[in-house]
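Novice: Using the sequences and the accompanying hints, generate a full structural model.
The opening position of the sequence shown corresponds to residue 1 in this note's numbering, with each subsequent residue numbered one higher.
It should be emphasised that the hints constitute simulated quantities derived from the structure, not laboratory data.
Even for Gly, the Cβ is constructed at its ideal location relative to N, Cα and C.
Every clue listed holds true.
So the derived label-pair ranges between C-beta atoms look like this:
| no. | residue 1 | residue 2 | range |
| --- | --- | --- | --- |
| 1 | L16 | Q39 | 38 to 46 Å |
| 2 | V13 | S33 | 34 to 42 Å |
| 3 | L40 | R20 | 30 to 38 Å |
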Amino acid sequence: MRRSGPGPLGAMVTFLAGWRMSHLPPGTRPLPSVALYDQLLRHRRQGGDTAGQGEAP
Numbered sequence: 001m002r003r004s005g006p007g008p009l010g011a012m013v014t015f016l017a018g019w020r021m022s023h024l025p026p027g028t029r030p031l032p033s034v035a036l037y038d039q040l041l042r043h044r045r046q047g048g049d050t051a052g053q054g055e056a057p
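Specialist: Okay, here's the thing in structure tokens:
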């Protein structure tokens with residue numbers, strides 16, 4: 001008979017992914033930004049492209 005749960009005879013299950021995440025050092029890289037993509041989109045719109053040419057606005 002297999003018992004689980006808290007208590008003297010039960011065992012605690014720890015998932016490896018959760019254990020790894022809790023033991024990793026904090027991240028130091030900056031969050032990604034979409035600012036460069038926004039600049040590219042603004043540049044294309046100023047170039048005279050229209051939405052009627054098969055592309056979304």
